[in-house]
Amino acid sequence: MRAVHDRGGWPGAGPIDRSEHHLEDWERRTDAMVQLLASPDKRVIRVDEMRRAIESLPPEQYESFPYYGKWLSGIEILMVEKKILTREEIDRKVAELEKCGR
Amino acid sequence: MEIGARFKPGDRVRVRSGNPPGHIRTPAYIRGKTGRVEAVQGLFRNPESLAFGGEGLPRQPLYFVGFNQSEVWGRYDGSPLDTLRVDIYEHWLEPA
Amino acid sequence: MSDDEHRPHDSDGSGHAQNSLSPFARRAEALEALLVEKGVFGRDEVQQMMRAWAARSPADGARLVARAWVDPAFKARLIADPRAAAAELGIDVGTAATLVVAENSETVHHLVVCTLCSCYPRTLLGIPPDWYKSLNYRSRAVTDPRGILREFGLDLDRRVEVRVLDSTADIRYLVLPRRPPGTDHLTEEELAQLVTRDSMIGVEDPRLEPAQGGVR
Numbered sequence: 592m593r594a595v596h597d598r599g600g601w602p603g604a605g606p607i608d609r610s611e612h613h614l615e616d617w618e619r620r621t622d623a624m625v626q627l628l629a630s631p632d633k634r635v636i637r638v639d640e641m642r643r644a645i646e647s648l649p650p651e652q653y654e655s656f657p658y659y660g661k662w663l664s665g666i667e668i669l670m671v672e673k674k675i676l677t678r679e680e681i682d683r684k685v686a687e688l689e690k691c692g693r
Numbered sequence: 050m051e052i053g054a055r056f057k058p059g060d061r062v063r064v065r066s067g068n069p070p071g072h073i074r075t076p077a078y079i080r081g082k083t084g085r086v087e088a089v090q091g092l093f094r095n096p097e098s099l100a101f102g103g104e105g106l107p108r109q110p111l112y113f114v115g116f117n118q119s120e121v122w123g124r125y126d127g128s129p130l131d132t133l134r135v136d137i138y139e140h141w142l143e144p145a
Numbered sequence: 005m006s007d008d009e010h011r012p013h014d015s016d017g018s019g020h021a022q023n024s025l026s027p028f029a030r031r032a033e034a035l036e037a038l039l040v041e042k043g044v045f046g047r048d049e050v051q052q053m054m055r056a057w058a059a060r061s062p063a064d065g066a067r068l069v070a071r072a073w074v075d076p077a078f079k080a081r082l083i084a085d086p087r088a089a090a091a092e093l094g095i096d097v098g099t100a101a102t103l104v105v106a107e108n109s110e111t112v113h114h115l116v117v118c119t120l121c122s123c124y125p126r127t128l129l130g131i132p133p134d135w136y137k138s139l140n141y142r143s144r145a146v147t148d149p150r151g152i153l154r155e156f157g158l159d160l161d162r163r164v165e166v167r168v169l170d171s172t173a174d175i176r177y178l179v180l181p182r183r184p185p186g187t188d189h190l191t192e193e194e195l196a197q198l199v200t201r202d203s204m205i206g207v208e209d210p211r212l213e214p215a216q217g218g219v220r
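Taken in order, these protein sequences are the chains called V, R and C.
Quick note on the numbering used here: the first sequence kicks off at 592 and runs consecutively.
Quick note on the numbering used here: the second sequence kicks off at 50 and runs consecutively.
Quick note on the numbering used here: the third sequence kicks off at 5 and runs consecutively.
Just so you know, these hints were derived from the structure itself, not from any lab.
Computed from a predicted structure; not experimentally measured.
Be careful, since some hints might not be right.
As the list claims (entries may be wrong) - Restraint-style ranges between C-beta atoms, simulated for each label pair:
#: 1; chain 1: V; residue 1: Glu672; chain 2: C; residue 2: Glu110; range: 47 to 57 Å
#: 2; chain 1: C; residue 1: Thr111; chain 2: R; residue 2: Pro58; range: 46 to 56 Å
#: 3; chain 1: R; residue 1: Arg61; chain 2: C; residue 2: Gly43; range: 27 to 37 Å
#: 4; chain 1: C; residue 1: Ala37; chain 2: R; residue 2: Thr83; range: 21 to 31 Å
#: 5; chain 1: V; residue 1: Glu687; chain 2: R; residue 2: Pro58; range: 54 to 64 Å
To be verified - With a straight-line cut-off of 20 Å between C-alpha atoms, the simulated PhoX-like cross-links for lysine-lysine are:
#: 6; chain 1: C; residue 1: Lys42; chain 2: V; residue 2: Lys674
#: 7; chain 1: V; residue 1: Lys684; chain 2: V; residue 2: Lys674
#: 8; chain 1: C; residue 1: Lys42; chain 2: V; residue 2: Lys684
Unchecked claim - Part of the chain V face toward chain R, derived, beta carbon under 10 Å:
#: 9; residue: Arg593
#: 10; residue: Arg598
#: 11; residue: Gly600
#: 12; residue: Asp639
#: 13; residue: Val671
#: 14; residue: Glu672
#: 15; residue: Lys674
For every residue, glycine included, the Cβ atom is placed at its ideal position computed from N, Cα and C.
From just these sequences and the hints, can you work out the full model?
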């Protein structure tokens with residue numbers, strides 16, 4: 592059974608959608624956070640760990656999340672795994688932001 | 050050229066088969082296929098270990114391996130000249 | 005901030021309030037806030053990194069290609085040691101990945117893909133386009149490269165070898181496309197305008213005439 596990320600020759604692939612979207616602020620921010628976390632002076636995560644974390648996402652998420660949504664999931668998985676954050680802290684902060692209308 | 054490199058440019062090699070768990074950088078579509086070493090890219094740490102916080106040591110040779118498209122796919126509609134090149138770690142290769 | 009069709013719906017179906025973030029944007033903000041609180045990085049570092057990557061564009065890669073077209077000795081240096089050659093032009097490609105330049109010829113046309121994720125020579129081309137990261141591209145670049153090239157408007161003779169490079173490890177590939185015919189009269193700067201991002205990925209050939217607005 593093929594892993595969901597191993598896409599070379601995946602059946603049923605269709606035409607290439609060539610439309611491009613300007614990255615939203617949160618996407619550029621997510622990109623920047625990963626570059627910082629993986630940077631030589633911080634080395635909080637390795638790129639290989641990030642890939643592994645994203646590969647571990649449930650197939651439906653892997654196939655439907657926007658690209659940087661998967662990166663966010665990867666950051667969360669690794670921050671919890673490395674005990675830098677807890678799941679509860681993340682959920683609480685998200686709920687806080689939602690409550691203030693963010 | 051590389052100390053301890055098992056293969057050199059021109060060698061025919063087969064990519065190992067199998068589906069081990071973990072973070073693997075050998076694509077499924079190329080496993081079990083036979084190709085030719087085009088270049089030795091240098092020594093690199095093993096991503097299978099790096100992905101889980103390991104050090105990925107000892108570094109091992111990474112090979113730029115070329116395949117004929119017509120031999121990779123059961124049905125290939127391009128030109129018989131077309132090729133595919135993939136970077137493969139030494140532990141995923143055996144002599145063909 | 006404009007609405008974007010990539011945003012998922014709110015789970016309560018109420019739609020977005022005027023100023024509220026999409027769920028992903030909120031998670032990004034939450035993570036940044038928490039990581040700043042924990043001292044993992046500073047807010048200014050994030051801003052700086054965002055600016056640094058916004059500044060990177062295919063124009064850097066295009067300059068390397070144009071210089072290689074006019075200066076055979078530079079081309080040889082570019083192929084032998086892309087990092088050093090880029091540094092000659094003031095471009096810092098960092099040490100995270102090794103760059104390899106794949107030179108097109110009369111008989112070989114290269115196409116780059118990362119079937120396992122989205123590896124891309126970001127330090128020379130900036131952030132990759134959506135289609136490069138798409139599941140369809142990652143699937144078909146290896147099985148049907150000529151079909152993809154035709155979708156991008158390039159129909160290659162069967163006597164030309166289409167060589168697909170799957171970036172599975174720490175090597176990042178930059179295609180060095182062929183200089184278009186009839187360009188002897190162009191300056192190096194004008195030549196750089198012919199070199200599109202997509203010609204350095206390999207899905208198309210360079211332009212035949214300089215663009216009005218510079219490299220895209």
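Here's how the hints hold up against the structure:
1. Look at V/Glu672 against C/Glu110: about 51 Å separates their beta carbons, and that is inside 47 to 57 Å.
2. About 19 Å separates the C-beta atoms of C/Thr111 and R/Pro58, a value inconsistent with the hinted range of 46 to 56 Å.
3. For R/Arg61 and C/Gly43, the Cβ-Cβ distance of about 54 Å falls outside the hinted range of 27 to 37 Å, so the restraint is violated.
4. Between C/Ala37 and R/Thr83 the beta carbons are some 53 Å apart, a value that contradicts the proposed interval 21 to 31 Å.
5. Take V/Glu687 and R/Pro58: their Cβ atoms lie about 58 Å apart, and the range 54 to 64 Å holds.
6. At most 20 Å may separate the alpha-carbon atoms for a hinted pair to count; C/Lys42 and V/Lys674 meet this at roughly 11 Å.
7. Proposed proximity of V/Lys684 and V/Lys674 is supported: the alpha carbons are some 16 Å apart, at most 20 Å.
8. The hinted pair formed by C/Lys42 and V/Lys684 meets the criterion: a straight-line CA distance of about 13 Å does not exceed 20 Å.
9. For V/Arg593, the interface hint holds, since its Cβ comes within 10 Å of a Cβ in chain R; the closest pair sits about 5 Å apart.
10. Taken as an interface hint, V/Arg598 checks out: its beta carbon lies about 8 Å from the nearest beta carbon of chain R, inside 10 Å.
11. Below 10 Å, beta-carbon pairs count as interface contacts, and V/Gly600 has one with chain R at about 4 Å; its hint therefore holds.
12. A hinted interface residue such as V/Asp639 counts as satisfied when its beta carbon comes closer than 10 Å to some beta carbon of chain R; here the least separation is about 4 Å, so the hint holds.
13. For V/Val671, the interface hint is violated, since its Cβ never comes within 10 Å of a Cβ in chain R; the closest pair sits about 14 Å apart.
14. Checking V/Glu672 against chain R by beta carbon gives a least distance of about 9 Å; that is within 10 Å, so the hint holds.
15. Taking 10 Å as the C-beta cut-off, the interface hint given for V/Lys674 is violated, the closest approach to chain R being about 12 Å.
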